[in-house]
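So the sequences go chain by chain: Y and D.
Using my numbering, read the first sequence as starting at 1 and increasing by one per residue.
Using my numbering, read the second sequence as starting at 1 and increasing by one per residue.
Source of the hints: derived by calculation from the structure; they are not laboratory data.
Just so you know, not all the hints are guaranteed correct.
Stretch by stretch, here's where chain D covers chain Y in the computed footprint (C-beta under 8 Å, at least three residues) [unchecked claim]:
#1 15-22
#2 43-49
#3 93-103
#4 133-146
Chain Y side only, calculated, beta carbon under 10 Å to chain D, not exhaustive [said to hold, decoys possible]:
#5 R9
#6 Q28
#7 A59
#8 Q108
#9 S130
#10 L165
#11 R166
#12 Q180
#13 T181
#14 S202
#15 E265
#16 L268
All figures in this text were calculated on a predicted structure; none of them were measured in a lab.
Glycine included, each C-beta is placed from N, C-alpha and C at the ideal position.
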Amino acid sequence: MENLLSRYRNVSILVAILFAQVLGLAIQVRRSGENESTRLIRVWAVSAIAPLEKVVVGAQTGISNLWHGYISLGGIRRENRDLKQQIENLRLEQARLQEDAAQARRLQALLGFKEQFISQTLAAQVIGSSGSELSRSIYIDKGSRDGVEKDMAVITADGVAGKILRVYKSVSQVLLVDDQTSGVGTILETSRLQGVLRGKASGEVVLEKVMNDEPVQPGEKVLTSGGDQIFPKGLLVGTVAQVKHGHESFLDIRVKPAADLSRLEEVLVITKKEEREPSIAEAPPVRAIDILTQRLPTVPDKPAIEPAKTQSTPGSAPAAPAKAGSEATGDAKPAAKTMSPSSPPKPQPPETAPRPAADKPQ
Amino acid sequence: MPITYTSQEQIEVYRFSLPVTILVPLIAIFLQSFMPLRLHFFSIFDLPLLVVIFFAVARRNPVAGLLTGAVVGLVQDSLTPFALGIYGISKTVVGYGASSLGAKIDVENAGARFLVTLVFYVVHQVVYFTVARGLVRLPLHWSWPHELTAAVANAILAVALFSLLDRFKQRT
Chain Y
1 MENLLSRYRN VSILVAILFA QVLGLAIQVR RSGENESTRL IRVWAVSAIA PLEKVVVGAQ
61 TGISNLWHGY ISLGGIRREN RDLKQQIENL RLEQARLQED AAQARRLQAL LGFKEQFISQ
121 TLAAQVIGSS GSELSRSIYI DKGSRDGVEK DMAVITADGV AGKILRVYKS VSQVLLVDDQ
181 TSGVGTILET SRLQGVLRGK ASGEVVLEKV MNDEPVQPGE KVLTSGGDQI FPKGLLVGTV
241 AQVKHGHESF LDIRVKPAAD LSRLEEVLVI TKKEEREPSI AEAPPVRAID ILTQRLPTVP
301 DKPAIEPAKT QSTPGSAPAA PAKAGSEATG DAKPAAKTMS PSSPPKPQPP ETAPRPAADK
361 PQ
Chain D
1 MPITYTSQEQ IEVYRFSLPV TILVPLIAIF LQSFMPLRLH FFSIFDLPLL VVIFFAVARR
61 NPVAGLLTGA VVGLVQDSLT PFALGIYGIS KTVVGYGASS LGAKIDVENA GARFLVTLVF
121 YVVHQVVYFT VARGLVRLPL HWSWPHELTA AVANAILAVA LFSLLDRFKQ RT
């Protein structure tokens, strides 16, 4: 027997190691439904790799900031001008949206509608990936000591990125929405159809569980439905890229994610969500014409009665913002024409009237 | 001719210093985790696998080869969201196979290294998919064109990488 074992020593060790790993896998698969604790080997591996990644990403960011902030400043002036113009346009858009939002809040309050709000986010830098083509997950430089917890939503400025899968002390693993084990509850913006967003092995993202006879058009936006209890409702996930009839009774819908998941650098972790009824009192309504009136230096001061006219009370019906721009009377009329979103506004001299409440950071 | 059969006496067995044994696989896993963020195509490579093949072939010791494969594979598993052991099993098999092959034939030249890596990459992927689908029930999709392209890409990289790692070899 001893002779046999020494003769087949190598094969015996191979079989033993493989058996141990298969056994380990079987135990993990069996426990996958339960509240799985993080294995020590994962902690060791992440603790060994993450500091290296943090150092490299930190150095890279530092060099990049030095280059873009102090050395390569070509085009900054033009970019600054463009951004200022963009801000002006966005202010007008913001005023219009505030009108809509105020109206929506009033209606929601009337219906006793509770909504989830993102009340706190944490910015994090992407420092690594799983390194496997078959799994799409990333590592961020924030962990449990920064307040990150499992199943928190991770977003970017463009749209939803994923959810927190594992949390370590100073690092967290994020499962991206294009991973095949991921699933996001979504709703189509126009048709209001609900479905589940999943990744495929090929890297494509598909929307499942939408019946074949439903009218879904390419270009339609896909938003989070809030049904998965992870992502707050209404976040942009992507756009419908292709719609085909599937083999079964469901449509085969390909979705282009809004966030560029293969080039993530910074993300936001939603660390706190609030569920509350919208308050009517918050964010007083400000119309586009109010902003224009106050910003333009050519507009003469109006009598004391004029501002009262422009302010609508919370209970009153909001004026249509488009009309506010085009149907403004008196001195503001030409100004509204000049300041329409399609044409850039004049630069504002420093001595103009104080900024309206809507301009202040909220 | 890339692969030549040699007698046991003709085959040289190499060893590596402790820092090289620890740091080279660690750097390979680090690069595998970090590089796809900056260069998306890099995810087609499997640097830890190439390192396992290199050490296994150079040491020509099946037990050392399979242990290197198991450890590197398990660390790589730790960085994925999947269960621990899928990469571990695949790389254990590759480590054992490569070192057994290295003990019998000379795989020191570029052609041999290209072929050995090509074959063991496919073996690795077959084992990985079998374990992932059979044991863990992961919905993975096998694509021959993709796997063969990846095998060739890894084999080309292996030729360059192995010549770089040759500098760390120490004769026994």
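Hints, verified against the model:
no., hint, verdict
1, 15-22, "holds (count 4)"
2, 43-49, "holds (count 5)"
3, 93-103, "violated (count 0)"
4, 133-146, "holds (count 6)"
5, R9, "holds, 8 Å"
6, Q28, "holds, 4 Å"
7, A59, "violated, 12 Å"
8, Q108, "violated, 37 Å"
9, S130, "holds, 4 Å"
10, L165, "holds, 5 Å"
11, R166, "holds, 8 Å"
12, Q180, "holds, 6 Å"
13, T181, "holds, 7 Å"
14, S202, "holds, 6 Å"
15, E265, "holds, 8 Å"
16, L268, "violated, 18 Å"
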